[in-house]
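Colleague: Based on the sequences and whatever the hints tell you, model everything.
Protein chains: 2
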Amino acid sequence: MERKILLAIADGLGDRPCDILDGKTPLEYAKTEHLNYLAEKGSTGIMDLYQAGSPVGTDLGHLILFGYSIDDYPGRGPIEAFGNGMELIGGDVAFRCNFATLDNDMKVIDRRAGRIREGTEELASALNGLEIDGVKVLFKEATEHRAVMVLRGPGLSQAVTDTDPKKEGLPVKPSLGKDNNPTSKYTAVILNKILLEAHQILSKHPVNISREKQGLLPANGILTRGAGMMPNIDKITERLNFKACCVAAESTVLGVARLAGFNILSDESFTGNIDTDIEKKASFAIEALKYNDFVALHYKATDLMGHDNDPLGKVKAIEQFDRMLGLVISSLKQEKMENVVIALAADHSTPCERKEHSGDPVPIVICGKNLRKDNVKCYDEISCANGGLNRIKGADFNRILLDYLEVTPKYGN
Amino acid sequence: MERKILLAIADGLGDRPCDILDGKTPLEYAKTEHLNYLAEKGSTGIMDLYQAGSPVGTDLGHLILFGYSIDDYPGRGPIEAFGNGMELIGGDVAFRCNFATLDNDMKVIDRRAGRIREGTEELASALNGLEIDGVKVLFKEATEHRAVMVLRGPGLSQAVTDTDPKKEGLPVKPSLGKDNNPTSKYTAVILNKILLEAHQILSKHPVNISREKQGLLPANGILTRGAGMMPNIDKITERLNFKACCVAAESTVLGVARLAGFNILSDESFTGNIDTDIEKKASFAIEALKYNDFVALHYKATDLMGHDNDPLGKVKAIEQFDRMLGLVISSLKQEKMENVVIALAADHSTPCERKEHSGDPVPIVICGKNLRKDNVKCYDEISCANGGLNRIKGADFNRILLDYLEVTPKYGN
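Protein chains in written order, with the working numbering: chain B, 1 to 413; chain V, 1 to 413.
Just so you know, these hints were derived from the structure itself, not from any lab.
Some clues are possibly wrong.
Taking lysine-lysine pairs in the BS3-like style, the calculated list, with each CA pair at most 30 Å apart, reads [to be verified]:
id, chain 1, residue 1, chain 2, residue 2
1, V, K24, B, K41
2, B, K377, V, K136
3, B, K393, V, K377
4, B, K410, V, K178
5, V, K355, B, K336
6, B, K377, V, K373
7, V, K393, B, K377
8, V, K24, B, K393
9, B, K235, V, K393
10, V, K369, B, K393
11, V, K393, B, K393
12, B, K377, V, K31
13, V, K355, B, K290
14, B, K410, V, K167
15, B, K369, V, K393
16, B, K410, V, K373
17, V, K24, B, K410
18, B, K410, V, K173
Modeller: Here's what the structure looks like:
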């Protein structure tokens, strides 16, 4: 059978028993007939994304779910760049940026340039393509005052300090090398030159002249943070020759997906919160399965409720995730797409009581026609710990799914 | 108690639910009272030979079961050489060969020299011991037109291309270095000289003169493929100081066993298929246990049925494997060999629906007097996933068995 994979990821799903939920986890407490259906029909287990007891971020968690290792982790900058639609190559150094308002002495008047919303595309264009000492600048606006900058050239380093002083009234912090490697100092020097040059260019830009006329703060400076170097890794879809797609709202998840070579399906109605449009998400996932071998369907609100220490909110989010899976399952049946393996996972646990990511393992399911099943009937942290997949790592989980696509190498003969 | 180990390996045993077997795996469906007896009396689990989700070949699977890691994998050539009764040392480069019929311009007339069956021992002798530029040739005939050649000398490389053009009418392909390492080019040059010299020697050989008189195609050339370098690994039986034996039919398995320092027990009645002589296999295993600490008893037909997508055939093969274990168990009882630990394993899964090796884990059992037991009562993929050994790797499994022999090192003090 030529299988396809639908991997549904509930962000931060894993949790701990909550007093307010009669000592159950939100996932145990929630009514989840569709998730339980998948658990009953499939094999279950628990998963440590990186290693037992180690919390991971959303970015690394997804990087692993999509087939990479912690050694491939490029830091925030490159992931934001990919999430922002940029294409990086090995050796590029990427920064998360703010448009800011500076005075003539590079002192920060407003770190967000009056929360500028319009004209940033033109401002970014004015910086994009800049070249300083043989290093090329790629620059692209993001939401509101945010932007991403990429430096491309030989001998760059990501070990440079942030230039954002984090406080109004202070000057832009000159970047320094974080270590004694000469490439770090070299990169910091270039970065400082670029920020000076950017200030010159932006100060004269028509968008800013017009803003000043309207009494708005000009976006005449750039603050950088989160430098990260893009490692020399290939897109997993190209390495293993399969087609993949990610249906998601969050730019971090979309960034990791694009880094991995996935196509992207997003929509304004995907809010990354409890008011997201699960009908459209489910229908996008079904459509994507027609043209892709592997589809990741991401759901965010579970994580937010964990961070907010809102067990009942998390229960609601889980029940919404369950409804989304119900829509997926019934559409697959209706379209007679029997060859789709449905997998459930999370990128990490976000226990309500901790309000942060934790190292608790997450429950997993793999459910497909003629694949092995076990005796577990519920999708939750406790039941799945008795499952037939046992306790595996994120890398194992990804490899198992790709083995069902028959795209991974056989070792030996 | 001074224990001994009997490791019974059903090749390619692991499978997936089959429609024709009411949604059961062949192992679940088969009547296997003896395998279930061992599961009930022992501890069970599931095993990933190399890593979860990665298919392995029979050669690597056995290499791991016998105590080696993937880094020790030497490629096909050396394993064929060992299987063919040759002894390799670290740095040797081995090739799988055909005797072929060439014309005077080294063009291939028949890739198998008329499927020659007789006289290959004499022809091989004529090449064995040849020396070119300080590199020694070891040459040995195998079944029919097949042979194995080993090059021994300093500075050789396995990164050389095959010389078999794979098609009649084409000349022998001169071997080339596969990379820029000078040792690769050097090895390719030597290999080409040897093949020219072999053509000279074989063309004049009495066996071939006689063949030509009878109107048969002469075996006057050698075609090579599958170069592999023997790594610097020691025999595990010598490293850990125990005696081991392998009862098997298949030359690949016998090759890995000899590489590992196992003695070999084989017989013409061991066919590597469903018509093999399980009574003799069982009795060989019992005999071997009297003189060895560790005996591997290999059974092949399960894998063949998987490759043929023959679930009912696989059920039959499994029931034959079960009968073989029944004979072993009753003989051990009869001979009061209470100290024998019986372990069940497979080298990989070969799901019928896939007709190829897959990354699905294989079920395992370890059953020995006064060793731990669990609550699992059936030997199959689903039951054993709940077993007391949990999900372990092939390397773990081997180490656990050798620990019962008390031959592995203790770490720390």
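Colleague: Are the hints correct? Go through all of them and say.
Modeller: Status of the hints after comparison with the structure:
This hinted pair checks out: V/K24 and B/K41 have alpha carbons roughly 13 Å apart, not beyond 30 Å. With a C-alpha separation of about 64 Å, the suggested pair B/K377 and V/K136 falls outside the 30 Å cut-off, and the hint is violated. Our distance criterion of 30 Å between C-alpha atoms is met by B/K393 and V/K377, whose separation comes to about 28 Å. At most 30 Å may separate the alpha-carbon atoms for a hinted pair to count; B/K410 and V/K178 meet this at roughly 21 Å.
Distance check on the hinted pair: V/K355 and B/K336 sit about 24 Å apart at the alpha-carbon level, within 30 Å; holds. Of the pairs offered as hints, the one joining B/K377 and V/K373 holds, with about 26 Å between alpha carbons and a cut-off of 30 Å not exceeded. Proximity of V/K393 to B/K377 is assessed by CA-CA distance (about 27 Å); at most 30 Å being required, the pair is judged to hold. Between V/K24 and B/K393, the direct Cα distance comes to roughly 27 Å. Compliance with the 30 Å bound is thereby established for this hinted pair.
For the given pair, B/K235 sits about 28 Å from V/K393 by alpha-carbon distance, which is consistent with the 30 Å threshold. Restraint check for V/K369 and B/K393: the C-alpha separation of about 34 Å exceeds 30 Å, so the hint is violated. This hinted pair checks out: V/K393 and B/K393 have alpha carbons roughly 13 Å apart, not beyond 30 Å. Taken as a hint, the B/K377 and V/K31 pair is honoured in the structure, with Cα atoms around 27 Å apart against an allowance of 30 Å.
Only pairs whose Cα atoms come within 30 Å are accepted, and V/K355 paired with B/K290 is accepted, the gap being roughly 25 Å. At most 30 Å may separate the alpha-carbon atoms for a hinted pair to count; B/K410 and V/K167 meet this at roughly 27 Å. Between B/K369 and V/K393 the alpha-carbon distance is near 26 Å, which keeps this suggested pair within the 30 Å criterion. As the CA atoms of B/K410 and V/K373 are separated by approximately 33 Å, the hinted pair breaks the 30 Å bound.
In summary, the hint linking V/K24 to B/K410 is supported, as the alpha carbons are separated by about 26 Å, within the 30 Å threshold. This hinted pair checks out: B/K410 and V/K173 have alpha carbons roughly 27 Å apart, not beyond 30 Å.
Violated hints, in rising order: 2, 10 and 16; the structure is consistent with all others.
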